[in-house]
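S.K.: Each chain is listed here by its residues.
Number of protein chains: 2
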Amino acid sequence: MKTTEVSSWKSFGGNLSVYDHESEVLDCTMRFAVYTPPQAADGPVPVLWYLSGLTCSWANVMEKSGLQRAAAEHGIMIIAPDTSPRGEGVPDDEAYDLGQGAGFYLTATQAPWAKHFKMDQYITDELPKLVAAEIKNADMGKQGIFGHSMGGHGAITLHLKHPETYKTCSAFSPITSPARVPWGQKAFKAYLGPVSVAWEQYDSTELVKERQSRARILVDTGTADTFLEKELKPEIFIDACMANGQALDYRMREGYGHDYYFIATFMAEHIAHHAAGLKE
Amino acid sequence: MKTTEVSSWKSFGGNLSVYDHESEVLDCTMRFAVYTPPQAADGPVPVLWYLSGLTCSWANVMEKSGLQRAAAEHGIMIIAPDTSPRGEGVPDDEAYDLGQGAGFYLTATQAPWAKHFKMDQYITDELPKLVAAEIKNADMGKQGIFGHSMGGHGAITLHLKHPETYKTCSAFSPITSPARVPWGQKAFKAYLGPVSVAWEQYDSTELVKERQSRARILVDTGTADTFLEKELKPEIFIDACMANGQALDYRMREGYGHDYYFIATFMAEHIAHHAAGLKE
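Which chain is which? The protein sequence lines are A and B, in order. For the first sequence, numbering that gives the first Met the number 0 assigns the number 0 to the initial residue and increments by one for each residue that follows. For the second sequence, numbering that gives the first Met the number 0 assigns the number 0 to the initial residue and increments by one for each residue that follows.
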């Protein structure tokens, strides 16, 4: 076994387990969580990846979103990776929005980040192989992806780049054009260097001009989200999807914020969206 | 206004707010949280008190139990007080199970605790008066009470002492005979002095021999709870209820622990139990 189980809890008839493993791609020890629904006792179940936002780890969504209830109802396995490489040997920054906890689901090309920061490779290649080998009844032929904020950016970009792998996609309050907003510009400059075509491949709004998926992307964002106008800018992505024929259901939710109370409110609808798409 | 709102989030169509206020009874600043369901916009709704366990504050249950979904479904307001007086002027102990975070829902008589530690008076008298005066559409004629671990002890003892106030009662993994287990014995000795009749009034198992409520008390406890045999001892309370005619539905839940994943799994059933009792 290449994974070490560090915690396990029974939850809604299924099981939440947290694992450590040595990541070759990221060159550090990584931790991730898997919620296995009760249906996995009887056979393979679809796999839904949740990518978290800035500062988060596996714990935020597993502790605060209530996802286990809907996952158990629909028979979906949910995997929550960390948001960056971690540890003493990994570069970091004093700010919360760069370095550890802020991997932005990309492959860094600039020092000091390039050695460890390859979260897109980790999420799409190394971790799925580990899960396929070590987590029982994970049906890797039926995968979906979703996330929050920076993780919404990750989910949409990875879905658009790998539509045959991640057949369904949704997001809560996603950063959909990092190249145009402060969070993304700061991170891209540090990880990727000055503005270049490299930035476009990690920008959902630019990507969707080049390639569209056959799935309908589901997005919920709160109207009281304090990052709405500065960092999220829904209209840019909505316009690009409409202009390029990407099916999108972007819902503005009156009075909700950027927090897990908002996410918990609509979590069941997102899981139902993925369940419908993955069980077809 | 005697309360200061420190945070507020929209959640499941309702609102979660956190308040600070100056407690005269406890002689310190206290913080509590109120989940107001959407139905409170149209008129009074029942009030359900949740008492947390050792080390917890209002946040654990509001962040991790998913209670908002069921509270919004049934139209129940839920209030989560803190577990003890807090602050620099309040005595504390290095251990997690004594002092701040470990109020045990009693009135201390021993130094240095007696000045501040009066959590039963705070919960049953001062805080309800504040809520009645300042929280809109809290129907104080329809109150229930529940809690976890030390808070399960608090909920059952306060229900048995005030059955006309708290018409419904339930608990997750409660300490039902603190006078007989290490957590309770340590706390009672510190707060109440050597074993005496004073201990009995804060012990659910002793109380139920003297007085029974007309409600059916609902309890869920996990069979994999690491505190089961040493601190919780279900059989002592079950036997006392049976012998004395207290209606009790005590359910052992296979494989579940002492954690909020367990609580979240059965939270909706507990809220439905209270809703049924309070809406009669």
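Worth flagging that the hints you see were computed from the coordinates, not collected in a lab. Since the model is a prediction, treat every value here as computed from it, not as a measurement. Don't take every hint at face value.
One copy or any two copies: either way a pair holds, since identical chains are not told apart in the list.
[Claimed, not checked] Here are the computed lysine to any residue pairs in the SDA-like style, where the Cα-Cα straight-line distance is at most 20 Å:
no.: 1; residue 1: K278; residue 2: Q120
no.: 2; residue 1: K141; residue 2: E253
no.: 3; residue 1: K188; residue 2: D19
no.: 4; residue 1: K114; residue 2: P193
no.: 5; residue 1: K63; residue 2: P90
no.: 6; residue 1: K185; residue 2: M139
no.: 7; residue 1: K63; residue 2: N14
no.: 8; residue 1: K278; residue 2: N243
no.: 9; residue 1: K229; residue 2: E72
no.: 10; residue 1: K128; residue 2: E62
no.: 11; residue 1: K135; residue 2: G42
no.: 12; residue 1: K160; residue 2: G12
no.: 13; residue 1: K1; residue 2: E163
no.: 14; residue 1: K114; residue 2: V24
no.: 15; residue 1: K128; residue 2: Q211
no.: 16; residue 1: K63; residue 2: S6
no.: 17; residue 1: K63; residue 2: D92
no.: 18; residue 1: K63; residue 2: E268
no.: 19; residue 1: K229; residue 2: V196
no.: 20; residue 1: K135; residue 2: A71
S.K.: Hints first: check each against the structure and report whether it holds.
M.R.: Against the structure, the hints come out as follows:
| no. | hint | in the structure |
| --- | --- | --- |
| 1 | K278 - Q120 | neither (26 Å within a copy, 54 Å between copies) |
| 2 | K141 - E253 | neither (33 Å within a copy, 31 Å between copies) |
| 3 | K188 - D19 | neither (31 Å within a copy, 42 Å between copies) |
| 4 | K114 - P193 | within (19 Å within a copy, 62 Å between copies) |
| 5 | K63 - P90 | neither (28 Å within a copy, 32 Å between copies) |
| 6 | K185 - M139 | neither (34 Å within a copy, 52 Å between copies) |
| 7 | K63 - N14 | both (16 Å within a copy, 16 Å between copies) |
| 8 | K278 - N243 | neither (27 Å within a copy, 53 Å between copies) |
| 9 | K229 - E72 | neither (37 Å within a copy, 34 Å between copies) |
| 10 | K128 - E62 | neither (26 Å within a copy, 33 Å between copies) |
| 11 | K135 - G42 | within (9 Å within a copy, 50 Å between copies) |
| 12 | K160 - G12 | neither (35 Å within a copy, 35 Å between copies) |
| 13 | K1 - E163 | neither (27 Å within a copy, 58 Å between copies) |
| 14 | K114 - V24 | within (9 Å within a copy, 58 Å between copies) |
| 15 | K128 - Q211 | neither (26 Å within a copy, 58 Å between copies) |
| 16 | K63 - S6 | both (17 Å within a copy, 17 Å between copies) |
| 17 | K63 - D92 | neither (26 Å within a copy, 30 Å between copies) |
| 18 | K63 - E268 | both (16 Å within a copy, 19 Å between copies) |
| 19 | K229 - V196 | neither (23 Å within a copy, 63 Å between copies) |
| 20 | K135 - A71 | within (16 Å within a copy, 36 Å between copies) |
Against the hints set out earlier in the document, violations occur for numbers 1, 2, 3, 5, 6, 8, 9, 10, 12, 13, 15, 17 and 19.
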